[in-house]
Amino acid sequence: MFEAQIRQPLVEGNKSIADVSNDICRPIENKPTKLWWLGFTISFAFLLLMALSLGWTVWEGIGTWGVNKTVMWGWDITNFVFWVGIGHAGTLISAILLLFRQKWRMSINRSAEAMTIFAVLCAAQFPLFHMGRVWLGYWPLPLPNAFGSLWVNFNSPLLWDVFAISTYLSVSLLFWYLGLIPDIATVRDRAVSKAKKFWYGFFAMGWNGSARTWHRYEIVALILAGVSTPLVLSVHTIVSMDFATSVIPGWHTTIFPPYFVAGAIFSGFGMVLTLLIIVRKVLNLEQYITIGHLDAMTKVVMLTGSLVGVAYLTEFFIAAYSGVVYEQYAFLNRAFGPYWWAYWTMMSCNLLAPQVFWFKWARTTPWFIFILSIIVNIGMWFERFVIIVTSLHRDYLTSSWAMYTATLTEVAIFLGTMGLFFTCFFLFSKFLPVINMSEVKSIIKSRE
Amino acid sequence: MSNSENKYWRGIEELESSPTVLGNSSNEFSDKLPMEEILGDSEELSSNRRDFLKFFGFSVSAVALAACNKAPVKYAMPYINKPENVTPGQALYYATTCGVYNEGFPILAKVREGRPIKLDGNPKSALSQGSLSAAGQASILSLYDINRLPNPKIEGDEEEDWSVVDSKVSEILKSASGKSIYLVSRTVTSPITQESIDKFVAAHNAKHVVYDPISYSGIKAANQESFGMNVVPNYQFDKADVIVSFGADFLGTWISPTRFTADYTKNRVPSPEKPEMSKHIQIESLLSLTGTNADYRYTIPASKQGRYLVSLYNMLSGGSGDAELPGNALKQIASELKAANGKALVVCGSNNKEDQIIVNAINDLLGSYGSTIDLGSAMNISDYNEASFESFVADVSKGNAGAVVMMDANPVYSYHNGAKLELALQKTKVISTTMIVDESTRNAAVHAPDNHPLESWNVYQPMVGHYVTSQPVITKVFNTRSAVESLRAWSGETVKLGEDQASHKWVTDYISSTLGVNANQALHDGVIMKSVDSGNPSFAGSASSAAATIAANYKKSSGFELALYQKVGVLDGNSALNPWSHEMPDPVTKVTYDNYVTISRNDAESNDLEQGDFVKISAGGKVIEQLPVLIQPGQARGVIGIALGYGRNIPNALQNDLIDLGKNAYPMVQASTSGTNYLVQNATIEKVGSGYEFAQTQTHHMIEGRDYLREATLDEYKENNAVRNEHKHHAITLWSDYDYSKGHHWAMAIDMNACTGCGSCVVSCHIENNVPVVGRSEVRRRRDMHWLRIDRYYSFEVDADQTASVRVGPSNVDQEFKKGQFSTMENELAGLDKNSEEDQDFGHYDTVKVVHQPVMCQHCDHAPCETVCPVLATTHSSEGLNQMTYNRCIGTKYCGNNCPYKVRRFNWFRYNMNSKFDYHFNNELGRMVLNPDVTVRSRGVMEKCSFCVQNIQMAKLNAKIENRKLTDGDANTACAKACPSNAIVFGDRNDPDSRIAKMFKNDRSYKMLEEVGTDPSVLYLTKIRNRKEEVQHS
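Quick note, the sequences are listed as chains A and B, same order.
If you're matching positions, the first sequence starts at 1 in the working numbering and goes up one per residue.
If you're matching positions, the second sequence starts at 1 in the working numbering and goes up one per residue.
Certain hints may be false.
[What the hints assert, rightly or not] Here are the computed distance ranges between Cβ atoms for each label pair: (1) B:SER777 <-> A:VAL411: 17 to 27 Å; (2) B:SER335 <-> A:TRP341: 50 to 60 Å; (3) B:LEU53 <-> A:PHE203: 49 to 59 Å.
[To be verified] For the chain A half of the interface with chain B, some residues (derived, Cβ under 8 Å), not all of them: (4) LEU150; (5) ALA191; (6) VAL192; (7) ASP395.
[As the list claims (entries may be wrong)] If you want the footprint, here are the derived chain B segments under chain A, 3+ residues with CB under 8 Å: (8) 773 to 785; (9) 880 to 893; (10) 900 to 912; (11) 936 to 948.
Derived by calculation from the structure, the hints in this document are not laboratory data.
Heads up, the beta-carbon is just placed ideally off N, CA and C, and yes, glycines get one too.
Sequences are here, hints too, so could you generate the full structure?
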């Protein structure tokens, strides 16, 4: 097939197929670097912090948090939505971009999917541990039980969450693992130690690289992509319904599902950018994860950021247009109330900051993108904080208006989930190929 | 094995091999097993062996699984001899008394399995009219106070034997010969106690001194001078059409607030039949609970009160006064009082004799005596006489006292020179009958602890002609003895020691012989009424000389005036160890736990003070080193207020927030032999620190122009009974409605016209429903657990041109979102723009209007909380109750977030048996007050108002047992029972004759946040103010 030479190659450095295997298997086969150890140790320390702070919460009670009779959700659900949002990029890249035959996705989908799974794991901590009685955390599952005719409430958006998140997690996990099989087989074939051979062999599930195997693989990947695609839209839609179906001004808005999905993709890509810019540098994979990739992803960030921005403005317009006192107050309070700083952080990080990606320099300068990606994630965290806390702290009856400040325990739990996330990611980068070798091998000669 | 050919047979039938026998031998049982009969007669149950194995297998595994769960072992102790009338699970009610405001407040004690768990007012008495104040409700906990003395004490050592105590006491009394012996008690309203005191006094030639922390001697002296009657008169607020109160907090703390509240509201609720209500004008310096309910309220410096009274008197008698309120209001008041045509009442909270003489003169001019004031059935309070007490102090200081018996009096704490008295008491031997160790009895030689009122027999006469009986409702918790008996024992009388039979006999004898009524009936009713001749007293005082004294004594205060007042929950400070009294937010400031310096907005500004700054107060030669400042709207300029009743210094066995609570302001009280004055001139304040955070249950005080609180003027109401409620929302619902028309449909109505905000309901609910006490820091974190709260909102009366800067009135949200306002609104009092000229004077803060709105779970028929619970822990009953299933709750808190009324409370911690919350839930004794019908919630579950479902169930069961229909009032909530103003009505709206059904037809009724579509079961009734001008509400 003819390809115009004017397009940038998808993989730089004129790699051969052997180069791909060598480059990508190198971190797995070599001893971990000092940098890896440093990163892993720090992450693991934070993971321990999470265990400690969650343990303290369970031991003492939710009272160790700053939540109160008016603001009953604070950092917990903010972090939950934040992490779920981050998880969105993985599926989007691997499923939707697969269906659209976007070949540039091939060198980034593996880590994006891994990120999805780890983010969902982090997210899952919050709905679980925000429960007053976490030891009964299995009760929202529709299990037959001996408590009498007790059943779950299918009207409750929290129950929808349970289904949405668990479906999402299982499909993502399956998809990710499926994609890993040929690469695990490659690692198995290259392995020298017996243990490695055994374990990679075990997880490669007898992959033999035959045409039939490849065919089946491709078909299942396509089916899973089809299954995942609606999930990209549904998960955050359902998460948004936690708020949209309530009666609280600032929550009770029909715009939430698309707005949340756009925000999730926005934050997801933000996080993918953060991670990949580190990975390509630390693991020396600049030739696989190219500037072209960064360029494409920043365009998505800019688009979704603007979508989210439009949603912010629409909310204001609708609040003014509705004539509902409470609604109007809720939005003015967001912008000019005591949490104004959170609102304006959100606005500037999510709506304004990504606009710099109109400029090619901004889209192609990794250090700059890195900073922007962090800003995007800060902005998206604040978006959830703004929605949850500023809506709750001043709702209908002014007598109940209250302020909410997070305690150290809550901060520690959040930092702890960061620890969980990065611990998982470091382990992933050590033990599994961070780039889909088999797919990349098919495009080393391709151009955009 | 032998290969035997022998054949054995069981019977001849078998040997002969008859076919039936052969057939039967294959069946193990000769008859068919009657399985169907055993398992029931249903036809489908034809179980076979396989089914049996299935059932068997299932049962075994189910039992095995169930057995895996280790159930806690609990011991139930059965009665060996069942006491008469006591049925476990059935409550008994006894008429008895509790000691708040005054000895002998008539109550009904609810007793379960031998322990009183709840107090309600005695409906047969005019004093309570079936209701009980917050402090009265809370007083039950003093019975189960772990700090009570379990045994008598001699020289600090516990002694179980009362005869040893008695001999020790007589030894002390003997050794005191030659010196005086004093008996100090609070005002005695009981003839039985008085007789014991008389006997003691006679036996030992002792002197009886009365000491009360709060003095009403000014009123008594004034009435002595005006009418020759040394009494506190019986004020009848229900009979007055115009009420003018000069600083008297008669709904909160003054004389007999529960009864006054009940009377007051009788004439405060207009109806279509009688669209009239009394007019209440309050002229005061601090914003009192009473002031918050006034139709018109004026702030004056308390020192000028006398001059205003004289002016009013002059105006009424045709002259003119030199002191006038803004807008010639006093003149207007005078003409209104006159127009009331004898149905007027002027009261004054001052303890100054001259002020009270003028008040008497005014009331005499108005013809109030015999109409709204009765001198005959006077209130038996405050026999405290400053002169005799001062001479007692002087005598003790000189070392002339051989022994002092402290009988529930605690002068060391509340006497203005308590430190001096404490030193003096060291020169003598103190014998105490107080239940706990307090400031006055810390060093007592003998502690002979009295019974709790709920453990005692007695008869009180709190009002002339109004006798109230007291009977024990529990076996004595500790080894205590009634002080009445102790005194007789010490007087040389032989009483059967340590047993209550003695006082029982005295009480029944008194009732049957002296009062001449059947003692059993009297004890059952709890109240004995005797007719009283009110006489026809005529005013004989000299208003002019009183006016002259007032004029002569008036000096403008240099610096601040310090007004010392009581708080509704804490009162004189007697309840220092009672967490309910302190966790109850103050009805006006909504502050829990603390006392503080209240100051007007303007003064705070000019003294550069902010809310939470610490100040040092010096007044009358006394200093309070450090108290936080609270900016109080509606407070007069130049006046600061400090609540009495704090700064107790008593040992507390519990480690909680009740230790070192606030500062004692009693030393500032201006007392002399001639009287006690709670106003101190020439006070100075000095900022010494900042940053105190009050534990307030409400921090935003404005309604923000929202529609959930509605008020109108009486004129508007007369024109249109449905004023403010014309617009009804028709919410569309997606759900198919449940049919509530059959059975009960419980509902509640709250009349904001009747509600005074006194907080009785809050404490009553707290007790009835085992609501935990969480302490000051948790309240600060906004985690108070009250199922029922009273929201208190301020609104400003403003000139038209000021509306722009102060947010009142219609809900045009876009009207005034001025920059800077929003960021500081959490503390509304600091929320105005300091750079704006209109705001600088803070004039609108002086004339603030207040509304109280009790809010509890609204039991919405379309409840937002119910749909969001993932595990169906909160559901709707067929009777319209929003139910909370604690056992099912996993604590997602989603319901709490989705509640528009924010009435759901979460158990953030384990509040019971947790030493971090060392209140009554944390000790065995304190837990005896728990209501056995209500679960104590575990950590991590949501809770909220249940409409006292336990009472509903009990009422239904009783009706079923009696084979009758429920009648209105059978099922009632704790809040409605406690309410002195009958502002809360609860009942079945499906019962067309019920009061609640009528409330649904009342044009004043509306549903809060109806537009949200929650369809609440609680109605609110528009507040009507008897005012002239338009109230600015949409």
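Closest C-beta approach of ALA191 (chain A) to chain B relative to 8 Å, hint status:
This interface hint is violated because 46 Å lies over the 8 Å limit.
Test coverage of the region 900 to 912 of chain B by chain A using CB-CB distances below 8 Å; three residues minimum.
holds (count 10)
So, as I understand it, the hint says ASP395 (chain A) touches chain B; can you test that by seeing if any CB pair is closer than 8 Å?
7 Å, holds
For the hint on LEU150 (chain A), just tell me whether its beta-carbon gets within less than 8 Å of chain B.
7 Å, holds
Can you tell me whether the CB distance of SER335 (chain B) to TRP341 (chain A) sits inside 50 to 60 Å?
For TRP341 (chain A) against SER335 (chain B), whose Cβ atoms are near 56 Å apart, the range 50 to 60 Å holds.
Would you say the C-beta atoms of SER777 (chain B) and VAL411 (chain A) sit inside 17 to 27 Å of each other?
At roughly 19 Å between Cβ atoms, VAL411 (chain A) and SER777 (chain B) fall inside 17 to 27 Å, so the hint holds.
Test coverage of the region 880 to 893 of chain B by chain A using CB-CB distances below 8 Å; three residues minimum.
Holds: 6 residues of the region 880 to 893 of chain B have a Cβ under 8 Å from chain A.
Closer than 8 Å, Cβ to Cβ, for at least three residues: run that test on the region 936 to 948 of chain B against chain A and report holds or violated.
holds (count 5)
Count residues of the region 773 to 785 of chain B with a Cβ under 8 Å from any Cβ of chain A, then say if the count reaches three.
n = 5 at 8 Å, threshold three: holds.
Mind checking the hinted window 49 to 59 Å against the Cβ distance between LEU53 (chain B) and PHE203 (chain A)?
43 Å, violated
Restraint outcome when VAL192 (chain A) is required to lie within 8 Å of chain B by C-beta distance:
50 Å, violated
The structure is inconsistent with the numbered hints 3, 5 and 6, although it conforms to all the rest.
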